[in-house]
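Full structure from sequences and hints, please.
2 protein chains.
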Amino acid sequence: MDFKAELGKRHSFIEERLKIAIPDVHGPHGILFDSMKYSLAAGGKRLRPMLLLEACKISGGDIEMAIPFACATEMIHTYSLIHDDLPAMDDDDLRRGKPTNHKVFGEGIAVLAGDGLLSYAFETMLEASVKSGGDCMRCLKAVNEIAKGAGVFGMIAGQTADLESEGKKIDEATLEFIHMNKTAQLIIRPMRAGAILAGASEQALEAITEYAKNIGLGFQIVDDILDVVGDQEKLGKNIGSDVENEKSTYPSMYGLEESKRIAFEKIERAKGAIAFFGSKAAFLSDLADYITDREF
Amino acid sequence: MDFKAELGKRHSFIEERLKIAIPDVHGPHGILFDSMKYSLAAGGKRLRPMLLLEACKISGGDIEMAIPFACATEMIHTYSLIHDDLPAMDDDDLRRGKPTNHKVFGEGIAVLAGDGLLSYAFETMLEASVKSGGDCMRCLKAVNEIAKGAGVFGMIAGQTADLESEGKKIDEATLEFIHMNKTAQLIIRPMRAGAILAGASEQALEAITEYAKNIGLGFQIVDDILDVVGDQEKLGKNIGSDVENEKSTYPSMYGLEESKRIAFEKIERAKGAIAFFGSKAAFLSDLADYITDREF
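Protein sequences, first through last, are from chains A and Y.
Residue numbering for the first sequence follows UniProt numbering, beginning at 1 and increasing consecutively.
Residue numbering for the second sequence follows UniProt numbering, beginning at 1 and increasing consecutively.
For the record, the hints were derived by calculation from the structure and aren't laboratory data.
Computed from a predicted model, the values in this text were never measured in an experiment.
Among the hints, a few may not be true.
Any copy will do: because identical chains look the same in the list, a pair fits if it lies in one copy or spans two.
Said to hold, decoys possible - Computed cross-link-like contacts, DSBU-like style, restricted to lysine-lysine with a CA-CA straight-line distance of at most 35 Å:
hint, residue 1, residue 2
1, Lys213, Lys37
2, Lys169, Lys57
3, Lys168, Lys9
4, Lys213, Lys271
5, Lys19, Lys168
6, Lys45, Lys19
7, Lys141, Lys45
8, Lys37, Lys169
9, Lys57, Lys131
10, Lys213, Lys4
11, Lys131, Lys280
12, Lys45, Lys260
13, Lys19, Lys57
14, Lys103, Lys168
15, Lys213, Lys131
16, Lys4, Lys169
17, Lys103, Lys169
18, Lys213, Lys141
19, Lys4, Lys168
20, Lys57, Lys141
This is the structure we're talking about:
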């Protein structure tokens, strides 16, 4: 099977599981579940759950045990988008071509839907762990990894730094901090969780961590580049104006060519790290290439 | 030692632990920690952590092991207040006589501070569980209890129903649903968590659950009554006007006298349930009385 077909197959598998991850609930709190399901069903690459499951698989683990953790990771990603889109944050009306959660359900429910997805992510992992009869220390450590990735030294730290940097000129260290925490942590920690559930060795965990960090950073740099290229095409705006506007991105800080070079370098490092797993790493290696295989 | 002195001693003990529960952090995400600490330090009765620790103690458990869970419970209670005070929710400028989180730090940071406290609550419990070397299945079950109490079938369900009921006439079942979920669940589940950490029997757990449910509901009814009595004294408004305004509270639905009777009945039921523990239940029994021992 070629990579694109394999990617599609895994994407569909995760979509099916996400569809049943949150129950249908009626009654005075019915709208909470409607709003959670609305945003969770709104699409996306499902990269984070896919990576968690693959890290579990190549570490010799049982995919079925890891599925609640994969769904939980996507719930956490989705909650962060709902809160990020709020008027008090990025104030976005559209997300993936659809009205954002607060545009459909109102701001109050959108705050609660985000809170609900974060809470239910933990409940999903913990309930599955209690019922699994598996290795409960592995489960505790895996949930803890996800908590750290999502938390105040992970994703929320990155979002805070991002919010605080709006309209300010930031230095390279701060830009790195934002990318590392806002994007990479919720790729690193879920992959580590998948591997921990499988009982991966320290060496295997290190290889997965290095891979995840580099595709996370590479992915974010490519996104920054595509934003600029898109802007240039659409607006005829050139890179210099971004620098003048103090919009802090890789292209505005390092220039377009150097940004591309750094992105490719990260992807190569990721592939080098995951080679630890030999032929089992084929999908993850192809996935790393796929990230830079978008036109720019 | 008399009850008030004992209450004060336990309150001080929890305050000391809460002070060191969240680290001082500087850097691009420093403001996140400042805002989390601001609200967590803003005072309150600390009823939830106190009850969790007591449930652990009377079940024969080690208080030290339960402290991270007690702090986490207060973090969750605090996050719910921060989000509840947002303009999109109750739009409150003051909380316990101090400016609300979003008034001090802005709405964006207040959303993130709430998210951060919820996430860090789980991280605190999980990190302590991983490091404790204790019974990891008990830890998993205890964290799961807290997750359920805080979650979409617990506190968030109650907040959703409350938000959806604003300005509407609701029936008795919906009012009961709101009290049970918005208030009682985050008393029941933390107490169960404390008992589970101690390895409590099913019978002991049932007694604690019944106690917690009844003081949770009793506490909320008393709060409703005090609101009305306070309003009457301040505004000369009488109960009838509340009914006409369709403000759904116990007094507006059942009348003042009947509400008092129901509150006392709940407190008696709580004391009856906790009598299971014999003389060990003295503090919890006094605490139940203390709840209705406010002037009305």
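Between lysine 213 and lysine 271, at a C-alpha cutoff of 35 Å, which is it: within one copy, between copies, both, or neither? within (11 Å within a copy, 54 Å between copies)
With 35 Å as the alpha-carbon cut-off, assign the pair lysine 4 and lysine 169 to within, between, both or neither. Classified as neither; 40 Å inside a copy, 55 Å across copies.
If the cut is 35 Å between Cα atoms, do lysine 57 and lysine 141 qualify within a copy, between copies, both or neither? The answer is both: 18 Å in one copy and 27 Å across copies each meet 35 Å.
At most 35 Å between C-alpha atoms: does lysine 57 with lysine 131 qualify within a copy, between copies, both, or neither? both (21 Å within a copy, 27 Å between copies)
State whether the alpha carbon distance between lysine 4 and lysine 168 is at most 35 Å within one copy, between copies, both, or neither. Neither: 40 Å inside a copy, 52 Å across copies.
When no copy is named, should lysine 213 and lysine 131 be tagged within, between, both, or neither for a Cα gap of at most 35 Å? For lysine 213 and lysine 131, the Cα distance is within 35 Å both inside one copy (32 Å) and across copies (25 Å).
As a check of your reading, is lysine 169 near lysine 57 (CA-CA no more than 35 Å) within one copy, between copies, both or neither? neither (43 Å within a copy, 53 Å between copies)
With identical chains, the pair lysine 103 and lysine 168 could be close in the same copy or across copies; at 35 Å between alpha carbons, which is it: within, between, both, or neither? Cα proximity of lysine 103 and lysine 168: in one copy and across copies (28 Å, 22 Å).
When Cα atoms must be at most 35 Å apart, do lysine 213 and lysine 37 count as within-copy, between-copy, both, or neither? Answer is both; intra-copy 29 Å and inter-copy 30 Å each pass.
At most 35 Å between C-alpha atoms: does lysine 141 with lysine 45 qualify within a copy, between copies, both, or neither? both (26 Å within a copy, 33 Å between copies)
State whether the alpha carbon distance between lysine 168 and lysine 9 is at most 35 Å within one copy, between copies, both, or neither. Neither: 43 Å inside a chain and 47 Å across chains, both beyond 35 Å.
Using 35 Å as the alpha-carbon threshold, which applies to lysine 103 and lysine 169: within, between, both, or neither? Answer is both: 31 Å inside a copy and 26 Å across each meet the 35 Å cutoff.
Checked against the numbered hints listed earlier, the structure breaks hints 2, 3, 16 and 19; every other hint is satisfied.
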